[in-house]
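For chain A, the structure is supplied; the task is to place chain B on it using the hints.
Line by line, the protein sequences are chains A and B.
Counting in this note's numbering, the first sequence runs from 72 upward without gaps.
Counting in this note's numbering, the second sequence runs from 13 upward without gaps.
Note that these hints are calculated values from the structure, not bench results.
Note that this is a predicted model, so its numbers are computed, not measured.
No residue lacks a Cβ here, since even glycine has one placed at the ideal position from N, Cα and C.
You may find that some hints are simply not true.
What the hints assert, rightly or not - Derived coverage of chain B by chain A (criterion: at least 3 residues anywhere in the stretch with Cβ under 8 angstroms from a Cβ of chain A; other residues may be distant):
#1 53–64
#2 113–119
To be verified - 30 angstroms max Cα-Cα, derived BS3-like pairs, lysine-lysine:
#3 B:38 with B:82
#4 A:128 with B:82
#5 A:128 with B:81
#6 A:128 with B:38
#7 B:82 with B:68
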Amino acid sequence: NAGVTQTPKFQVLKTGQSMTLQCAQDMNHNSMYWYRQDPGMGLRLIYYSASEGTTDKGEVPNGYNVSRLNKREFSLRLESAAPSQTSVYFCASSEAMTGGSGNTIYFGEGSWLTVV
Amino acid sequence: SQQGEEDPQALSIQEGENATMNCSYKTSINNLQWYRQNSGRGLVHLILIRSNEREKHSGRLRVTLDTSKKSSSLLITASRAADTASYFCATDAGSSASKIIFGSGTRLSIRP
Numbered sequence: 072n073a074g075v076t077q078t079p080k081f082q083v084l085k086t087g088q089s090m091t092l093q094c095a096q097d098m099n100h101n102s103m104y105w106y107r108q109d110p111g112m113g114l115r116l117i118y119y120s121a122s123e124g125t126t127d128k129g130e131v132p133n134g135y136n137v138s139r140l141n142k143r144e145f146s147l148r149l150e151s152a153a154p155s156q157t158s159v160y161f162c163a164s165s166e167a168m169t170g171g172s173g174n175t176i177y178f179g180e181g182s183w184l185t186v187v
Numbered sequence: 013s014q015q016g017e018e019d020p021q022a023l024s025i026q027e028g029e030n031a032t033m034n035c036s037y038k039t040s041i042n043n044l045q046w047y048r049q050n051s052g053r054g055l056v057h058l059i060l061i062r063s064n065e066r067e068k069h070s071g072r073l074r075v076t077l078d079t080s081k082k083s084s085s086l087l088i089t090a091s092r093a094a095d096t097a098s099y100f101c102a103t104d105a106g107s108s109a110s111k112i113i114f115g116s117g118t119r120l121s122i123r124p
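Next up, chain A with everything else stripped away, as it sits in the complex (with noise of 0.2 angstroms):
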């Protein structure tokens, strides 16, 4: 059972250029998420995906772009990497019922982003 599966786990990019960070669930789960850790702090959201088929904004969406490609993939995309954009990035997913139900978040390894 894999859970959360993220590539690449390392990327070096130069700025300007654009990459896509791939995520992949195997626990039928309604929702997903891009949070972004620089050192030393905590999770900040980019965006999440509440059901297949619906994105929306989180803390700090500017300069990235997500597409829910089916019910177990998002992906995050950088169109034009910035230095700022170096950090580490995480996927998770939930099962997120509706009504306000709570839910738990399973979290990927992690993908590490310099951009130089």
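For chain B alone, coordinates are given in the frame of chain A:
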């Protein structure tokens, strides 16, 4: 700005002592969760408390929630070296159960 803010930012205690960390949040919530992160790894869920609950236990963990003060606390009893990690609270945005926001975290160090 982040929904949840943990206090203290860092905590160092002797093995066997109890560790208490606090989380404050800004808007109404449906539930509050606590997660643990070992260095360089993804976060792992510890415990969830719903907005209509005041206290919850899981093993050596005790979580309280005071919705009137918009605050929660996580108590780890009889700490062990393996408890060394960062701890984060996470809340939904109230109006959207799927929008989960994390706090800034408490770095806990357990001294042998």
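Verification of the hints:
no. : hint            : result
1   : 53–64           : holds (count 7)
2   : 113–119         : holds (count 5)
3   : B:38 with B:82  : holds, 7 angstroms
4   : A:128 with B:82 : holds, 24 angstroms
5   : A:128 with B:81 : holds, 28 angstroms
6   : A:128 with B:38 : holds, 19 angstroms
7   : B:82 with B:68  : holds, 16 angstroms
The structure is consistent with each of the numbered hints, conforming to all of them.
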